[in-house]
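Number of protein chains: 2
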Amino acid sequence: MTARFDLCGIGNAIVDVVAPTEDRFLSHHDMRKGGMALVDAAAADAIYAAMPPGQESSGGSVANSCAVAALLGSRVAYLGKVADDQLGAVFRHDIAAVGVHFPTPSLAADQAGAAPTARCLILVTPDGQRTMNTFLGACVTFGPQDLDHAVIAASAVTYLEGYLFDPPAAQAAFHAAADIAHKAGRQVALSLSDAFCVDRHRDGFRAFVRDHVDILFANEAEICALYELGSFDDAVEAARRDVAVAALTRSEAGSVIVRAQQTVAVAAEPTAVVDTTGAGDAYAAGFLHGLTAGRSLAACGRLGSIAAAEVISHFGARPAADLKALVRAVEG
Amino acid sequence: MTARFDLCGIGNAIVDVVAPTEDRFLSHHDMRKGGMALVDAAAADAIYAAMPPGQESSGGSVANSCAVAALLGSRVAYLGKVADDQLGAVFRHDIAAVGVHFPTPSLAADQAGAAPTARCLILVTPDGQRTMNTFLGACVTFGPQDLDHAVIAASAVTYLEGYLFDPPAAQAAFHAAADIAHKAGRQVALSLSDAFCVDRHRDGFRAFVRDHVDILFANEAEICALYELGSFDDAVEAARRDVAVAALTRSEAGSVIVRAQQTVAVAAEPTAVVDTTGAGDAYAAGFLHGLTAGRSLAACGRLGSIAAAEVISHFGARPAADLKALVRAVEG
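Protein sequences, first through last, are from chains R and L.
Residue numbers are given in the working numbering: position 186 of the first sequence equals residue 186, and the series is strictly consecutive.
Residue numbers are given in the working numbering: position 185 of the second sequence equals residue 185, and the series is strictly consecutive.
Chain R with its partners taken away, still in its complex shape (with noise of 0.2 Å):
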């Protein structure tokens, strides 16, 4: 059956809430630099008060994946749990408006486990790099119950967010994902998401790895936590023996793709850093664009550059440029 979706995403779905600090923000605070750490309600409210004037704007890592392919031209749905609240209306309101089905009904203020939408603090130091802090809210409702199977059998590739290993029931919707999908003859790509959740989460990571995914993303220090390896070619050997296809990443030293006994070396795009939130999520997008239009592996990687390097060039986790004009002009 031909895919009705280029792409189906299932992620956190959270509104980013973004502001610049000094490093000494990060040290006061006890935030590891450049991870993501889970946090309650009550510690994102006191993050929140201590922190300068943010930006309010869609964010989740897939979600913001899903928006940046689409901005491309695939045809992509999502699937994540907001609440029935202001910022939950702010992420529908985003991630329709740029063409992404979003079929998931939101979490109501009398239903079970209601929380309000999920948030994500995120701070930008002078270098770039973003910290995070989620408090996960209606997130951690979505189980298998909100899994929209027509979809996800209608999609090429089910794309799973490695950040819902945190929320408890999100597991199981994960794993119910990947056999629907698989049932219909479609693939899987899982993003590890975050070294701390990795280490959180790793041998549940490696078996579902190992057992059902067909197309990995990963960052340097992700693929090295998950096989626990100090060396990033010995990891990208382990990612060959378990994946069909790995995409692996190293900031400003561009990306590893690896197909069976196929590598290719991609160059990163060069640009001015702003800001790296998103870098990951629009590579992954990028990439699995060109991907499910059969385009080669190094135009994939290609793809993904291109779209990392606009997301980093400004505040904010998605595009502020026109993405297709964007490769039309580097790819010629």
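All the pointers check out, no bait thrown in.
Quick list of simulated restraints, FRET-style, between CB atoms: (1) L:Asp127 / R:Ala49: 32 to 40 Å; (2) L:Gln111 / R:Pro103: 30 to 38 Å; (3) R:Gln111 / L:Ala109: 17 to 25 Å; (4) R:Gly128 / L:His201: 41 to 49 Å; (5) L:Arg250 / R:Val274: 30 to 38 Å.
By construction, these hints were calculated from the structure, which means they are not laboratory data.
Note that the coordinates shown come from a computational prediction; the quantities given were computed from them, not determined experimentally.
Beta carbons are placed, not taken as given, at the ideal position from N, Cα and C, and that holds for glycine.
Given chain R, work out where chain L should sit, using these hints.
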């Protein structure tokens, strides 16, 4: 008595939703480019549904000025009405985070006239101009009962937003605030806000300016609309007769400041225009920061130009850079 605050701003407390659009979006939705239109909840929902993904940040004309003045080092208070909801919490956080005292209680969901926090849907066209659609929400309930008499009496300048002529109860608050300030021997400043707003309330504005305003801010279109004059030079002379100080801005042509027989022309600071949202607000903030510090009119105008240039060099109405450092660099 020594003033406890340099500035007490009173205005519509609004969260901005900023998105880039093409000119055809404006014509399709019958919007007047560069202006501010009041819209009801249903129209706000319809425009929001049609517009691209946005970035949310705290706004409101005089609230922007208050934030900028505080970042320049002024002691600032702000009075305005948000609701007890997520966007209200965003507004409250952002203004407190720059050190502005904000004593006005939030409008609760069970209070008379209950409405959500106001929002302004701002469409930025490729030329950097912003076209605004404001849903006033909770601001409609702002009235004399929301005036903090002690704060106004303790502020060197009370700065009123012309847009407050729109919500029905605010005009009474407007007059009462001017009386409190003058009885305490303080000054009253006013921004005309918007030419269309002046058109809606011309007689009220003219009487208020003549009888109650010491320091007047307006751009070329606004001052010409106030006096129904086609010539900027004629409007400057009319303002000279009505108020002690008038600071009149002309976009990239800089500003003209008049006080009695004195006339000072100030150049705009050169910058690349990305988004003009908040340019006038930032100019007024820089000007009032200088004025309350006893600076010359030329220095006040220069501070206004520096603050405005920073704000129009990026998306959003509030500064992204360290304004104090910027002023030190420019003033030497």
